[in-house]
Amino acid sequence: MNEERDLAADDVAPGDEFEGAGSLGAAVRSYLVGFLLAIVLTAVSFYLARSTLVWEPSIPIALSVLAIAQMGVHLVFFLHITAGPDSVNNIMALAFGLLIVMLLVFGSLWIMANLDHNMLPMDQILNMQR
Amino acid sequence: MNAVAGGASGALRAPTGHGKKLEDRRTHDQSKRIIAGYGFWIFLISDIILFSAFFATYAVLTDSTAGGAGGRALFDLKSVGIETGCLLTSSLTCGLAAVGSRFRRSDLFQLAMAATFVLGAAFIALEVHEFARMVRAGNGPTRSAFLSAFFALIGCHGLHVSAGLLWLLTMMAQVRARGYRPEILRRILCFSLFWHTLDIVWIGLFSLVYLVGVAR
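Protein chains in written order, with our numbering: chain A, 1 to 130; chain B, 1001 to 1216.
In short, the hints are calculated from the structure, not lab data. It is possible that some hints are incorrect.
If you want the footprint, here are the derived chain B segments under chain A, 3+ residues with CB under 8 Å [stated by the list, open to error]:
1. 1026-1040
2. 1044-1057
3. 1096-1105
4. 1126-1137
Derived contacts from chain B toward chain A, CB cut-off under 10 Å, selection only [stated by the list, open to error]:
5. G1085
6. F1117
7. R1216
Beta carbons are placed, not taken as given, at the ideal position from N, Cα and C, and that holds for glycine.
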């Protein structure tokens, strides 16, 4: 019976904390830490978007990095998707989703930029139709 | 939830009688909770893929403004900043509501859920206001491919948040009427996953649509 019990207890539902946070105060504190980190990252993003502090062409990349960092903070502190052994299934599903997301976004951008590059300028197309 | 499961393994490991039945019951609830949470997590990942398709469309069409205004002229970062603050804080209060339900603290749960509703509703109100302002100025979704993709992407997120608000009210009412039964706790788990995921999607949207749109 013990083994049966452990099988179920071995996994953790996404969103459930699986260790620590045994008291109400500790659970609340973990959310507050995540919230503070997220606020800082958001503030930096908004500041960076209009600042002249950094080299301008690097701003979109900096904003992407900050966004990914903040998504990581949310995953760990709010959704409790961690790298812990009990969370492997949740991580694997997320990793597969991210693979599809990357293929979709970068694949679309790549293919459409390529088509755009190979297409004749619009005035030449109009001339050919004459 | 772990507090419950941990208590069961420590004190109630009696192999026979009432203790065994109680422990089986708890193990059963715990594994059902994992299955429900995991299934909903897979749905949410498919939802993220849906958003990424809308985002890919938007990214391809950012420069197709058909001679109209682009993101730099249209986006109001002050309003977007307030929207972001609302949604971020609502993610915190939603987490506090989940903690409240875990420790059976109805005062914390109902208060945090109400705060989440108010913040989510404020987010939707601001977004609708922004949309109305843009449409009135002649920059509606029919103006250019860029604006069609923009309204589809942001509107899709707004619809998700609106559906989340209805779900939120349902959960408040169910807890009030029936208490913290296992199936209701499972629904609260799924709702909080949904709400946090919408916030994660919004991080991508405010960073890559609004801030990059204004910066470039």
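(request) Verify the coverage statement for the segment 1044-1057 of chain B against chain A, using a C-beta to C-beta distance below 8 Å and requiring 3 or more qualifying residues. (result) holds (count 9)
(message) Hint F1117 (chain B) vs chain A: min CB-CB distance below 10 Å?
(response) At 18 Å from the nearest chain A Cβ, F1117 (chain B) fails the 10 Å test, so the hint is violated.
(message) Can you tell me if the segment 1126-1137 of chain B counts as covered by chain A, using C-beta to C-beta distances under 8 Å and a minimum of three residues?
(response) violated (count 0)
(message) Quick check: do three or more residues in the segment 1096-1105 of chain B have a beta carbon closer than 8 Å to a beta carbon of chain A?
(response) That given contact holds, which follows from 6 residues of the segment 1096-1105 of chain B lying within Cβ reach (below 8 Å) of chain A.
(message) Min Cβ distance, G1085 (chain B) to chain A: is it shorter than 10 Å?
(response) holds, 8 Å
(message) Quick check on R1216 (chain B) please, does its C-beta sit within 10 Å of some C-beta on chain A?
(response) holds, 6 Å
(message) When I compare C-beta atoms, does the segment 1026-1040 of chain B have three or more residues closer than 8 Å to chain A?
(response) That given contact holds, which follows from 9 residues of the segment 1026-1040 of chain B lying within Cβ reach (below 8 Å) of chain A.
Checked against the numbered hints given earlier, this structure breaks hints 4 and 6; the rest are met.
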